[in-house]
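Colleague: In case you want the letters, here they are:
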Amino acid sequence: MIAETGLIALLLAAVFALLQAVFGLSALRPGGEPLLRAVRPVAIAQAAMTVTAFAMLLLVFARTDLSVKLVAEDSATTLPLLYKVTGAWGNHEGSMLMWITILALAGAAVAIFERRLPERTLAATIAAQGVIALGFFAFLLFSSNPFERLPMPPPEGSGFNPLLQDPGLAFHPPTLYVGYVGLSVAFSFAVGALLTRDVGPAFARAMRPWVLGAWIFLTLGITAGSYWAYYELGWGGWWFWDPTENASLMPWLAATALLHSVSVLATRDGLRAWTIMLAVVAFSMSMVGTFLVRSGILTSVHAFALDPRRGAFILILLALYIGGALALFGARIATVTEGNRFDPVSREGALVANNLLLSAILGVVLIGTLYPLLVESATGEKLSVGPPYFNATAGPLALILVAIMAAGPMMRWRRDRLAAIGRRVAIPAAIVVVALVVLLVALPGLRILPLLGLVLAAGTAAASVAPLWKRNLRRTPLFTYGMVVAHLGIAVSLAGMASESAFSQETLVAARPGETVHVGPYAIRFAAIDPVAGPNYTAVRATLVATRGQGAPIALSPEQRSFDNPPQQTAESAIATRLDGQLYTVVGEPVPGGRWQLRLWWKPFVTLIWGGGVLIALGGALSLLGRVLPRRRAKPERDGYAQ
Amino acid sequence: MKAKNQRLVLTLTALGALFAAALLAMSALRNQASFFYSPADALRAHVATGQAIRLGGMVERGSLSREPDGVTIDFRVTDGIAAVAARYTGIVPDLFREGSGVVAEGRFVAPGHFVADTILAKHDEKYMPPQVAGSMHETKSLAP
Chain A
1 MIAETGLIAL LLAAVFALLQ AVFGLSALRP GGEPLLRAVR PVAIAQAAMT VTAFAMLLLV
61 FARTDLSVKL VAEDSATTLP LLYKVTGAWG NHEGSMLMWI TILALAGAAV AIFERRLPER
121 TLAATIAAQG VIALGFFAFL LFSSNPFERL PMPPPEGSGF NPLLQDPGLA FHPPTLYVGY
181 VGLSVAFSFA VGALLTRDVG PAFARAMRPW VLGAWIFLTL GITAGSYWAY YELGWGGWWF
241 WDPTENASLM PWLAATALLH SVSVLATRDG LRAWTIMLAV VAFSMSMVGT FLVRSGILTS
301 VHAFALDPRR GAFILILLAL YIGGALALFG ARIATVTEGN RFDPVSREGA LVANNLLLSA
361 ILGVVLIGTL YPLLVESATG EKLSVGPPYF NATAGPLALI LVAIMAAGPM MRWRRDRLAA
421 IGRRVAIPAA IVVVALVVLL VALPGLRILP LLGLVLAAGT AAASVAPLWK RNLRRTPLFT
481 YGMVVAHLGI AVSLAGMASE SAFSQETLVA ARPGETVHVG PYAIRFAAID PVAGPNYTAV
541 RATLVATRGQ GAPIALSPEQ RSFDNPPQQT AESAIATRLD GQLYTVVGEP VPGGRWQLRL
601 WWKPFVTLIW GGGVLIALGG ALSLLGRVLP RRRAKPERDG YAQ
Chain B
1 MKAKNQRLVL TLTALGALFA AALLAMSALR NQASFFYSPA DALRAHVATG QAIRLGGMVE
61 RGSLSREPDG VTIDFRVTDG IAAVAARYTG IVPDLFREGS GVVAEGRFVA PGHFVADTIL
121 AKHDEKYMPP QVAGSMHETK SLAP
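Protein sequences appear in the order of chains A and B.
FYI, in the working numbering the residues of the first sequence are 1 to 643.
FYI, in the working numbering the residues of the second sequence are 1 to 144.
Honestly, the hints are just simulated from the structure, not real lab data.
It should be emphasised that the depicted structure is a prediction, and the values quoted were computed from it without experimental measurement.
Mixed in with the good hints there might be a few duds.
[As the list claims (entries may be wrong)] Stretch by stretch, here's where chain B covers chain A in the computed footprint (C-beta under 8 Å, at least three residues):
(1) 360-369
(2) 372-384
(3) 388-400
(4) 496-510
(5) 577-590
[Claimed, not checked] One side of the interface only, derived from the structure: several residues of chain A facing chain B at Cβ under 10 Å:
(6) Gly234
(7) Leu271
(8) Ala273
(9) Trp274
(10) Val352
(11) Asn355
(12) Ala442
(13) Pro567
(14) Gln569
(15) Ala571
(16) Arg595
(17) Trp596
(18) Gln597
(19) Leu598
(20) Arg599
[Claimed, not checked] Residues of chain B placed beyond 10 Å of chain A at every Cβ, according to the derived structure:
(21) Thr13
(22) Ala33
(23) Ala40
(24) Val47
(25) Glu60
(26) Thr78
(27) Gly80
(28) Ile81
(29) Arg87
We put the beta carbon where it would ideally sit given N, CA and C, even for glycine.
Based on the sequences and whatever the hints tell you, model everything.
Modeller: Now the structure itself:
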């Protein structure tokens, strides 16, 4: 009955989504005002039904109801409870249901909390949210029903991908999806504003917290995904330019651009059309990502199933929504009047440059991700575009972007003088020069990108705290702190990336127990190798004792795990985190002579990469609080460093 | 600056930036895209040594051997028509074994001798890289 309840809830939710769209759009017509009141409750009802359906899915997975096809295919009674529950979204249908649950919750959140938007624009926004939901409900019900029953339940499920049996699964997909799908709110706001022709600073101020919220989660989700891939895959890398990673990076780039252009619109009433366009593009990138990941055209651990009908279905939805929004944009944008003008040398100018560079990076990532698909469908030739392409294109653009990001907050709104800017950036610029000279002298062999990365990180770190210089720190608004912390996070993360790529050391050997091997500053004794048993796997566990100089020994226990349902082996890395880096160890296969393969890395300051990511998200959270909480003083804005 | 001019300048700058990005992307793609070959394709096309490619097929049964250092393996990648000798230093992915599907990223160091930097094997028993599934399918239809 649980599965049927879920299915009925899903059908009801689809009906409510339809009502939401119809009521919302009818309310815009003359005489439709009475419907305005119905729009909010309908959106909330839709969310309640969707959440019910999702809860039912969690329940059938928690109880391992093998008569449900999805459970039989992707779970087993022997799984630990955590992976039974998180396994609910470790498959195509379940993850799509989570996607749409978050979409419905985002719509309900707008219906409950949004008070700044005019009623008509709000109704149009919620209607747009309903239209998006409707398409994805159709997708779920017609081609990806998670509640399908089996006529003959099997005695045991076929198990769950061991790579996904990790606490990371409880955190990474939900966070990423909140970010991904949260951007639908920005999309719906843009559509709503186009429908009611109401684009201006008030609209931007209403939209900003929603963009910030989605962006914070997207940042956290990407950071978590990167760290998960790093420790779970055992390859020692933290970013692989895998198409599914790009699928999460592209919405982030668009959302970051949107975040900054919406500030220009809110503060200076400029970039109206561009902001609307970015709001459309950001969620479009989320949908493109969903298409790439969920259609099965990619080779990836995220591609759960190959079913061409699903791909075609999502592609049609994409074309309808993106095409529809762009058509509306084309039809209405001419009636949106021009905002304020500004001088090229100004805060606005820097933000425009930031937006252009973010768009350019988005463009090269998009081209690199889609190119193999386009070539294959056009000529049948198969090719792959990997890290060399992305590093060569996105790398230099990102460095320029960071330099602009460092200087931007030191410029005044509207109009600034180059000489004055020069004086303000003098200290960070001096730090850049000093760092460059020091690194060139101390480490002459450094490659160009890591060198520039380290140097720029030093300058950016100094520049990012400059907006607090000579200010009354207690009276500085929270959102200024947010910007400072987020920009500092970029510098920290950049330093980690450059350090990891320049200074990592690797040792790959086959060693006997008792032998000692070296990596970086560590001497590592291979103490023992023992069999161990886990809840649903058996493993061999190596015991490694690492010492650095006279320091206390560190014990590490990497494992090679063998699962039998499904039959698969995974390497479980063991990582020791120190202030100045991580020691990363993996044990491989046994080889003749009683030896075992060991792969060891010393990665100086690698943790800064994710630490920076968390700082960026924290900065976003501070900004959000600063925008949502009541102002702490009457007149928070000051020309100059303020904002 | 007049409002109209400013809009024009912004639009032109944006177009210029995106055009430059597209040029950058295209030139990088020409140098960096690595093509996917089955062993038969690779031998037929005379892939230049040193060029980054992906070689996909099956690990030929009976071909897998290990060097004395314990971390280097030699094996042959086959598509049922032709086979290429490959070498890899590192820990092979879980599920890499004789008879399993494999995609090796790397380059030819001499005609018929491939050195892999990365080995991609299927992630679980249900999964086969679409590229390998495709080349297997073609092979099947070509074989009598």
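Colleague: All hints are to be evaluated individually against the structure, with a verdict given for each.
Modeller: Hints and how they fare:
For the region 360-369 of chain A, the stated coverage by chain B is satisfied: 6 residues place a CB nearer than 8 Å to a CB of that chain, which reaches the threshold of 3. Residue count for the region 372-384 of chain A with a Cβ under 8 Å from a Cβ of chain B: 5. That meets the three needed, and the coverage hint holds. For the region 388-400 of chain A, the proposed coverage by chain B is satisfied: 5 residues have a C-beta within less than 8 Å of a C-beta in that chain, meeting the threshold of three. Counting residues of the region 496-510 of chain A whose beta carbon lies closer than 8 Å to any beta carbon of chain B gives 3, which reaches the threshold of three, so the coverage claim holds.
Given as covered by chain B, the region 577-590 of chain A passes the check, having 3 residues with a CB less than 8 Å from a CB of that chain where 3 are the minimum. Against a cut-off of 10 Å between C-beta atoms, the interface hint on Gly234(A) holds, since the closest Cβ of chain B lies about 8 Å away. This hint holds: Leu271(A) has a C-beta 8 Å from the nearest C-beta of chain B, less than the 10 Å allowed. At its closest, the beta carbon of Ala273(A) sits 9 Å from a beta carbon of chain B; the interface hint therefore holds under the 10 Å criterion.
A cut of 10 Å between beta carbons decides the hint on Trp274(A): the least distance to chain B is about 8 Å, and the hint holds. Nearest Cβ of chain B to the Cβ of Val352(A): about 7 Å, under the 10 Å cut. The hint holds. Look at Asn355(A): its Cβ gets to within about 8 Å of chain B, closer than 10 Å, so that hint holds up. A cut of 10 Å between beta carbons decides the hint on Ala442(A): the least distance to chain B is about 30 Å, and the hint is violated.
The closest approach between the C-beta of Pro567(A) and any C-beta of chain B is roughly 6 Å, which is under the 10 Å cut-off, so the hint is satisfied. A least Cβ separation of about 4 Å between Gln569(A) and chain B falls short of the 10 Å threshold, and the interface hint therefore holds. The interface hint given for Ala571(A) is met, as the beta carbon of that residue sits about 7 Å from the closest beta carbon of chain B, less than 10 Å. Here the hint on Arg595(A) is kept, as its CB sits about 5 Å from the closest CB of chain B, short of 10 Å.
The interface hint given for Trp596(A) is met, as the beta carbon of that residue sits about 8 Å from the closest beta carbon of chain B, less than 10 Å. Checking Gln597(A) against chain B: minimum C-beta separation of about 5 Å stays under 10 Å; hint holds. The criterion of a C-beta within 10 Å of any C-beta in chain B is met by Leu598(A), whose closest approach is roughly 9 Å, and the hint holds. Look at Arg599(A): its Cβ gets to within about 5 Å of chain B, closer than 10 Å, so that hint holds up.
Non-interface call for Thr13(B) relative to chain A: violated, since the shortest CB-CB distance, roughly 7 Å, does not exceed 10 Å. Against chain A, the non-interface label of Ala33(B) is violated: not every CB pair exceeds 10 Å, the least being about 5 Å. With a minimum CB-CB distance of about 14 Å to chain A, Ala40(B) clears the 10 Å threshold, and the non-interface call stands. Chain A leaves Val47(B) outside its interface by the beta-carbon criterion, the shortest separation being 12 Å against a cut-off of 10 Å.
In this structure Glu60(B) is separated from chain A by more than 10 Å, as the shortest Cβ-Cβ distance comes to about 19 Å. At roughly 18 Å from the closest C-beta of chain A, the C-beta of Thr78(B) stays outside 10 Å, upholding its exclusion from the interface. With a cut of 10 Å on Cβ distances, Gly80(B) stays outside the contact zone with chain A, its closest approach being about 17 Å. The Cβ of Ile81(B) sits about 17 Å from the closest Cβ of chain A, beyond the 10 Å cut-off, so the non-interface label holds.
Its beta-carbon lying about 14 Å from the closest one in chain A, Arg87(B) satisfies the requirement of being farther than 10 Å from that chain.
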